[in-house]
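Participant: Residues per chain are reported as follows:
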Amino acid sequence: MTETTRPVLDIRNLRVEYPLANGDTLVAVKDIDLTIRPGEIHALVGESGAGKTTVGNALMGLLQAPGKIAAGSIVIAGKEINLRTGRTEGIVPGRDVGAIFQDPMTSLNPLFTVESQLCEGMLTHLKLSSREAKARALELMKAVGIPEPERRLGSYPHQLSGGQRQRVVIATALACNPQLIVADEPTTALDVSVQAQILKLIRDLADQRGVGVLLVTHNMGVVAEIADRVTIMQNGAVVESGPTREVLTAPKAPYARTLIAAVPPIDTRLERLPVPSEETKVTLDARATVRRKSAKSETGSRDEVVLSVRDLAVEYGGRGLLRKTSVFKAVKGVSFDVRRGEIFGLVGESGCGKTTVANTIAGLVTQSAGSIDFEGTALGGRREKSIRQSLQMVFQDPYSALNPRLRINAAIAEPILFYKLASNADEARRDAKTLLEAVGLPADAGARFAHAFSGGQRQRIAIARALGPRPSLLICDEPTSALDVSVQAQLLNLLKDLRDLAGLSMLFISHDLAVIRQMCDRVAVMKAGEIVELADTETLFTAPKHEYTRELLRLAPSVERIMGRELASA
Amino acid sequence: MATQSLMRRLPPVSVVIASLVLVVMLVLVIFAPLIAPMDPRDVASYSLMDMEIPPAFMEGGDSRFLLGTDNQGRDLVSVILFGLRISVVIGLGAVVFAAVLGVVLGLVAGFFGGVVDSIVMRIADIFVSFPTILVALLISGIARAQLSAEMMLAWAPLVLIFSIAINEWVQYARTVRASTMVEIARDYVRAAKVIGLPSTRIMGRHILPNILSSVMVIATINLAGAILTEATLSFLGAGMPPTYPSLGTLIRIGNQFLFSGLWWIAVMPATVLVILVLAVNVIGDYLRDHFNPKLMAR
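If you read the protein sequences in the order shown, they are chains A and B.
Residues in the first sequence are numbered from 0 upward in steps of one, following numbering that gives the first Met the number 0.
Residues in the second sequence are numbered from 0 upward in steps of one, following numbering that gives the first Met the number 0.
Extracted from the complex, chain A is given alone in its bound form:
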């Protein structure tokens, strides 16, 4: 990998534009330069809308009309792209440039076997015979580490796990010996343990086959784990670019510094994440009002148990009207307590049953066994109005959590009026306004509809709505996993502030260990429907007892751990 090696990708002054309906032009990518040498992994990071995916699409000729390359040059393996057509003479996407997309669930065609999808590219691009193609497919399956490759070739995508599917996608990308692979968020949809394996696979491919990789991601941990160089983008422009360690440990540009600081660290617990605070006087006043109004829940000591879950079990299926269906045990005997004013974390990989636990406590799912005691009342079946009022929830996807046909004011005022916490509609609207201010939104936000807001703002609105009925327990189901890191940091700070309001207890569910460490007082680690370890957050992170916890902590990509290790070894 010397300086004289011809780069596999050389982008100069690339500019991508989208003409808008009103005659303006949206510049998605502004004059970026990027070079990737053989065997190099170059990460392109930035928040949503930064233009990082657009760069990947531009060099693959996948720009959606009317988007077009307005200026600059893209040279792939020494061949220049034709700006007018967006394609490169002599470069065939799929043969010379391989692609790995984000969602392994949808990037394979469900109607064809793994073998036919793997061989398709080889048959058309490399003109191999079907026997040769099959032999090569088998070789690729072995190379990407799929167990029982002969049998798996005949499988359909739905018969494979998410990690195996992503391996097949990578095998497809490799099929025609490309010199360059564009990997767009290749591990975002995967669990940490699978993510670690896939990242190692990509690193090995770059090292052993000399493939250049453009890695588009928003995850700084992933960047730290495998990238050689990193380019940080903001609003379509490059903010900072350089060797990974240099950029991550000593960022120069202010935006790069904020972005890196907003990543919650897994190794230490910070009082607040270092992002610009939105605490104006209006916000503080509004919070004081909220605190005064919800004075009732301040009774009771801090150690009092608010929620007590004992041997909770939840099963899905089993009872059809006319036929028996198979039973799936989502939760198998889970027990924990949540104390007043505490943030209790539930962490685990996808499918471990943590969301089912939340849904059961919220009353969206009925338990098949076990008990849930909330403020001294056993929950199950029909719930008292006062119980439902005290137990509120914030959901994962801010884009579907708000009714698109309701104005924000109406959405927030609805539960306030329903629980008669305001005597008339005017008072409810004033309360809604106060709540909006308390979560850091302007009071006039209430007159608009949900679509006028960004994901982070919508999540704030959802929080305001959940606070309306003055709950004593707030269930947060992955409240920040759909958001950018800087927005996530602001929301985590907000949730911490709100907890201090009136001794609100929280059940906080996340798959992200770093977020859990920042937020929670105590944590339970779930695996396959069971709690494997329950401890104080600090104890759990510094001295994990269970093997699974240790594995999760070891595999979670973390900037400071990797960088720290490198610094120590240097």
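One should not assume that every hint holds.
Per the computed footprint, the stretches of chain B lying under chain A, defined by three or more beta-carbons under 8 Å from a beta-carbon of chain A, are [unchecked claim]: (1) 179–187; (2) 190–196; (3) 205–213.
Listed next, the in silico DSSO-like pairs over lysine-lysine satisfying Cα-Cα at most 27 Å (straight line) [said to hold, decoys possible]: (4) LYS526(A) to LYS331(A); (5) LYS328(A) to LYS192(B); (6) LYS419(A) to LYS192(B); (7) LYS192(B) to LYS495(A); (8) LYS192(B) to LYS331(A); (9) LYS544(A) to LYS331(A); (10) LYS280(A) to LYS292(A); (11) LYS292(A) to LYS495(A); (12) LYS251(A) to LYS29(A); (13) LYS526(A) to LYS199(A); (14) LYS526(A) to LYS328(A); (15) LYS78(A) to LYS29(A); (16) LYS67(A) to LYS29(A); (17) LYS199(A) to LYS133(A); (18) LYS544(A) to LYS328(A); (19) LYS126(A) to LYS141(A); (20) LYS384(A) to LYS192(B); (21) LYS192(B) to LYS292(A).
For each label pair, taking beta carbons as the anchor points, the in silico distance ranges come out as [said to hold, decoys possible]: (22) ASP23(A) to ILE125(B): 52 to 58 Å; (23) GLY112(B) to LYS199(A): 43 to 49 Å; (24) SER480(A) to GLY112(B): 26 to 32 Å; (25) ASP443(A) to GLY112(B): 36 to 42 Å; (26) LEU269(A) to ALA177(B): 46 to 52 Å; (27) ALA252(A) to ALA184(B): 39 to 45 Å; (28) VAL15(B) to ARG447(A): 30 to 36 Å.
These are computed hints drawn from the structure, not numbers from a lab.
By construction, the Cβ of each residue, glycine as well, lies at the ideal position given by its N, Cα and C atoms.
Fit chain B to the known structure of chain A by using the hints.
Facilitator: Just chain B now, kept in the frame of chain A:
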């Protein structure tokens, strides 16, 4: 560029024309008693002396009767206007009746699921397994046998509305049920449940407004169907009586004279019916494309 973006927002020319035609027809229908030269329901206002006069633009035409007269001497313009009125009222009535019934049952089935869903949808399956025309013929036959002639005159439109709607509601119920099932899985409905709102309120205030666009599309497309079904029933003699004719009844009357040279008695109301149904269909298709959730941005 500004005009271009304006053009993009405007619907295609065919839809504009169809809307204009529909508006004109609605105005004619609403003000029919004021516009029509005579009242076809009033036996005293026409005379057998004027029977079978060809349209005014033909040889032997009479300037009093723009489109000619029928076999009883009634002015065709007037009969068509009143006939159009009846057709539109029955069509709209059937659509509204079917939509309300279908939306309510579909919402309940989709929201509660399980046994409720099974019962409602099996009933729907039974209803839809009989052809609309057959059921309508049956119902109007029973009504005819049970009601006296005068009562039948007053009740005929209601009987028609009922017999058409009783089959059409299934379509609404099925679509609304499917849309409801999609919506209840979304977080805003789950949030409403966690907030503790009662089911009726969640259905009415949260789910219904979000699925209404698909209901509107079916309603428009069904309106054309309902008008045609009414015309078919009246043409078969199971619908509106000749003394109070809808467009279908007029075509039936005209059909008897079609080959004796008096073509206008059948062709004139038939043309109006075709234009009406075509206009409604064009708008219905446009709405269906326009509200297609796959084309709509989130």
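Participant: In ascending order, which of the hints set out earlier in this document are inconsistent with the structure?
Facilitator: none
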